[in-house]
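Number of protein chains: 4
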Amino acid sequence: MPVRLIHNNYGKARVRLMKVARKGDLHELQSITVKIAFEGNFTEAHTIGDNSQLLPTDTMKNTVYTLAQQTQEIEEIEDFALRLADYFLTNNPQVTQVIIEIYEKPWTRIAVGGELHLHSFIKGGEEKRTAKITSTRDGRTIESGVEDLVALKTTKSGFIGFVKDCYTTLPETTDRILATSIKASWIYANPAVATGNMWRDVRQTIIETFAEHDSLSVQHTLYAMGEAVLEKFSDIVEITFSLPNIHCLPIDFTRFGLENDNRIFVPTDEPHGLIEARLSR
Amino acid sequence: MPVRLIHNNYGKARVRLMKVARKGDLHELQSITVKIAFEGNFTEAHTIGDNSQLLPTDTMKNTVYTLAQQTQEIEEIEDFALRLADYFLTNNPQVTQVIIEIYEKPWTRIAVGGELHLHSFIKGGEEKRTAKITSTRDGRTIESGVEDLVALKTTKSGFIGFVKDCYTTLPETTDRILATSIKASWIYANPAVATGNMWRDVRQTIIETFAEHDSLSVQHTLYAMGEAVLEKFSDIVEITFSLPNIHCLPIDFTRFGLENDNRIFVPTDEPHGLIEARLSR
Amino acid sequence: MPVRLIHNNYGKARVRLMKVARKGDLHELQSITVKIAFEGNFTEAHTIGDNSQLLPTDTMKNTVYTLAQQTQEIEEIEDFALRLADYFLTNNPQVTQVIIEIYEKPWTRIAVGGELHLHSFIKGGEEKRTAKITSTRDGRTIESGVEDLVALKTTKSGFIGFVKDCYTTLPETTDRILATSIKASWIYANPAVATGNMWRDVRQTIIETFAEHDSLSVQHTLYAMGEAVLEKFSDIVEITFSLPNIHCLPIDFTRFGLENDNRIFVPTDEPHGLIEARLSR
Amino acid sequence: MPVRLIHNNYGKARVRLMKVARKGDLHELQSITVKIAFEGNFTEAHTIGDNSQLLPTDTMKNTVYTLAQQTQEIEEIEDFALRLADYFLTNNPQVTQVIIEIYEKPWTRIAVGGELHLHSFIKGGEEKRTAKITSTRDGRTIESGVEDLVALKTTKSGFIGFVKDCYTTLPETTDRILATSIKASWIYANPAVATGNMWRDVRQTIIETFAEHDSLSVQHTLYAMGEAVLEKFSDIVEITFSLPNIHCLPIDFTRFGLENDNRIFVPTDEPHGLIEARLSR
Chain A
1 MPVRLIHNNY GKARVRLMKV ARKGDLHELQ SITVKIAFEG NFTEAHTIGD NSQLLPTDTM
61 KNTVYTLAQQ TQEIEEIEDF ALRLADYFLT NNPQVTQVII EIYEKPWTRI AVGGELHLHS
121 FIKGGEEKRT AKITSTRDGR TIESGVEDLV ALKTTKSGFI GFVKDCYTTL PETTDRILAT
181 SIKASWIYAN PAVATGNMWR DVRQTIIETF AEHDSLSVQH TLYAMGEAVL EKFSDIVEIT
241 FSLPNIHCLP IDFTRFGLEN DNRIFVPTDE PHGLIEARLS R
Chain B
1 MPVRLIHNNY GKARVRLMKV ARKGDLHELQ SITVKIAFEG NFTEAHTIGD NSQLLPTDTM
61 KNTVYTLAQQ TQEIEEIEDF ALRLADYFLT NNPQVTQVII EIYEKPWTRI AVGGELHLHS
121 FIKGGEEKRT AKITSTRDGR TIESGVEDLV ALKTTKSGFI GFVKDCYTTL PETTDRILAT
181 SIKASWIYAN PAVATGNMWR DVRQTIIETF AEHDSLSVQH TLYAMGEAVL EKFSDIVEIT
241 FSLPNIHCLP IDFTRFGLEN DNRIFVPTDE PHGLIEARLS R
Chain C
1 MPVRLIHNNY GKARVRLMKV ARKGDLHELQ SITVKIAFEG NFTEAHTIGD NSQLLPTDTM
61 KNTVYTLAQQ TQEIEEIEDF ALRLADYFLT NNPQVTQVII EIYEKPWTRI AVGGELHLHS
121 FIKGGEEKRT AKITSTRDGR TIESGVEDLV ALKTTKSGFI GFVKDCYTTL PETTDRILAT
181 SIKASWIYAN PAVATGNMWR DVRQTIIETF AEHDSLSVQH TLYAMGEAVL EKFSDIVEIT
241 FSLPNIHCLP IDFTRFGLEN DNRIFVPTDE PHGLIEARLS R
Chain D
1 MPVRLIHNNY GKARVRLMKV ARKGDLHELQ SITVKIAFEG NFTEAHTIGD NSQLLPTDTM
61 KNTVYTLAQQ TQEIEEIEDF ALRLADYFLT NNPQVTQVII EIYEKPWTRI AVGGELHLHS
121 FIKGGEEKRT AKITSTRDGR TIESGVEDLV ALKTTKSGFI GFVKDCYTTL PETTDRILAT
181 SIKASWIYAN PAVATGNMWR DVRQTIIETF AEHDSLSVQH TLYAMGEAVL EKFSDIVEIT
241 FSLPNIHCLP IDFTRFGLEN DNRIFVPTDE PHGLIEARLS R
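Protein chains in written order, with the working numbering: chain A, 1 to 281; chain B, 1 to 281; chain C, 1 to 281; chain D, 1 to 281.
Treat the hints with care, as some may be off.
[As the list claims (entries may be wrong)] Chain B regions said to be covered by chain D (calculated; three or more residues, Cβ under 8 Å):
(1) 6–20
(2) 48–59
(3) 207–216
(4) 257–271
[What the hints assert, rightly or not] Below, computed lysine-lysine pairings styled on DSS-like, alpha-carbon distance capped at 27 Å:
(5) D:Lys183 x B:Lys105
(6) D:Lys183 x D:Lys132
(7) D:Lys156 x D:Lys132
(8) C:Lys105 x A:Lys156
(9) D:Lys183 x C:Lys164
(10) C:Lys35 x C:Lys183
(11) D:Lys105 x B:Lys105
(12) B:Lys35 x A:Lys128
(13) D:Lys183 x C:Lys132
(14) B:Lys105 x D:Lys156
FYI, nobody ran anything at the bench for these hints, they're computed from the structure.
All C-beta atoms in this analysis are idealised placements derived from N, C-alpha and C, irrespective of residue type, glycine included.
Sequences and hints are given; from them, build the entire structure.
In structure tokens, the structure reads:
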């Protein structure tokens, strides 16, 4: 029975770059990390070590740097990803599909005497703006998203009426902390709408819904956030969430003869719940 | 246009536990981390916050601890995962699919005066033995694997004959360091063969092939490892690899008037190549 | 020759807690991590296992939780650290010195329709506000600081006129990116001035100086920042900086027949420069 | 009041390198990370940006690579650190003190058919062998050590007779898991004894003592390990330990109507105890 190669892809990951755009004394800064994956006819590279169809991942990296330099302006990550995908497909006939994933981490201008500085910046948090382009010669899919957007509400979250069995120890509660690290991504109906403003509007819709929702469970809030996005943005066809439940455990002060009044909590990294869903129209 | 929930799952991640088996003075130790994901009819939990079909993830965690305690012996992680999946399916009619993922990190006995100690251990490395059980009422799939198995060979690796374009700077080489962090997983034809001995034999076949292979590319060595496993173990139906290329860059000593003799390298974490493939019969 | 115990301390690290202060519907949130270290007469705990002088670290943890609960208000971390140190010294005669270290990570209110939300928050970045109290029955030292405050300027930074030797390859430059992760801590002349406003003012002075400085080296900017703080705040007696030089390497585009115009950089985590100094009056 | 620079140092951190020694077909591999810190007269670099006394950290890095290349053999990290310190002091009159810190991570040969392979290796764990050389023109101190050596014993550890107060909830126990991540470093009386065999003997003494000790507390075991080293090795003048207490919490099965039999534990990363001491003769 011969061995068959039923799927393969290769590429370069963690290509970091920082781009400076200079408009006179005003400098703009963008910090991104790029991942590239090729699919195509690479069977003989695997079976007999024939590399004649392989564009080295080192060359992919150099291409990222050079295409970044080709534009003076800071570019939306979706646009840069599309340019990269187009370049690779155009110049590599052996490649059938290119996936480009980019995330951008925020930097904010330092304020000096109340004025935003022209060329000095502070790094923002771990939150990432993400873009994923899946491109073939027949079409392309554009998915934007957020990752590591940690959100917390100190009330308007409960969890009751769940299944009980012999291993149940979790008490029902109508007032708990709800904390999660939002990972969400949404697919656009067409590339033209994938702008930075759109991204900011979707992100804002997600966090406003999180803030305002009367949560009966993580699932309930997840659905509310997805529904709000799909109802508000007709150019979005699908949205996916992955939400860890970052448990913030109340301390039991009755052990010290004190009353529990729901003010001191221990946030825990593990174990954690994980709630995932995809919504479409 | 109404919103539809097109996929969802939930569960508990990073449930760590340590199990001690006592055979008189001889103690055995197992350190595992469990992840559980349920699929089922949870639509109303999302849409209206009705939790009546939700087994809390806290209860899942308690179930892991209790089922671990039910056996005195240290259990293969595949067997424990199967027991967990069976338990959850049997006791939760609303659940249609359970996925259990477990990884185990190695501990080794301390040698005292050349004798292995009865109850004292040193933690091994970051390498993980993994198991993933996907279980429905119609059947179950068993996938075992390794992760973070970092392997390196100082010769018998080259990379030549690849595509060149205007962004090519990588020199061809017939003698380079090949380093990777092996992530591999394989699907067994049936649960009965998923033993610890089998796992050790597959792992050994992978690393022996890595060591002995005359590598013309990462793809070439990936394929050789997969082929060796599929040829040797008829009970394995499919194997998947994800292999970062951990570049070890030679220093250019000609800048200091010295000769390059391929002895001093800088290992780099980023950027890195990433080569992935799945092989079957 | 007998063995002597020449120094020892013990305590609890990574005691995380989240405190919620409720003012009607307006909730405030504080996220801190506490470390406690005791020095004292613990010799016999070491030499013969006599624990009669040891307050368990588990009890230290419980004390942190309970003292946090004793105040309804969110407390400056310096004040909380002082309360903890006082409590431990008062109640543990066997303890001669207590060191309390606390760091706080920022959370910001979610804006909903332009209004700050009453009880929903987004986690800020990795930047930490730090406090360290060293307390004995004779006095106490208060040190506040920042950590992981990543700052970058895209111009007004150079590095020329340095020592050259046979291993020099670094080119002189009058225009480079300067990036660092600021770790700074300063000692107050007396506890009363250790307020949140003071902390914010010192932090602001540091980053404004970073932004405005014409940097001839990391050392040069470090000194400027320290000098600015000491000149502005007479209640600060000493300031210490630890500044990694996060190298942002310009890509050499001449390899691709293009011009180098100082716009695309590769930020690197390793290796990195590390510049440290302490300034006083 | 003028500002004074009361201490300063600078250098390069995280200089990773991999060295291959070739003895015909037999290859040896060493993976190290070097940190360099200079002290000296660098005042004017800080105060006026005069870099004429600064050897760039980039040059330090190049020097590490080149001095590594100067020996064909794999060198003990203490010897390499001494060579580096000597080189820097000899060639930089403005430098008064050099501190070199190196850690080495283990790699082991892959066994193929029971034989150790000539040029293929698997990365060992996170345990580090460390060396720190503090060198001036008047002398040098040599400190060797281990870090991240995680050790655990499943019995022969208790903790009783400690201080109780109103916040005590920890039960006394005469049989618990003791787990720690050993960080230890020891100072040699003279450089000549700082060999790899010595390092291995000291490490073995530490872990054998850990394994065999009837532990009444972490302090008690720390002292026993230090005492064993100082008694056995007359060339060691001082040893320092930093031992986190990695709590492994027993599950309370009585909540599920089961008996607690001390077999299932939850290892936790935070909070953790931290026990530190220094011993000399």
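Index of numbered hints that the structure contradicts, given in increasing order: 2, 7, 9
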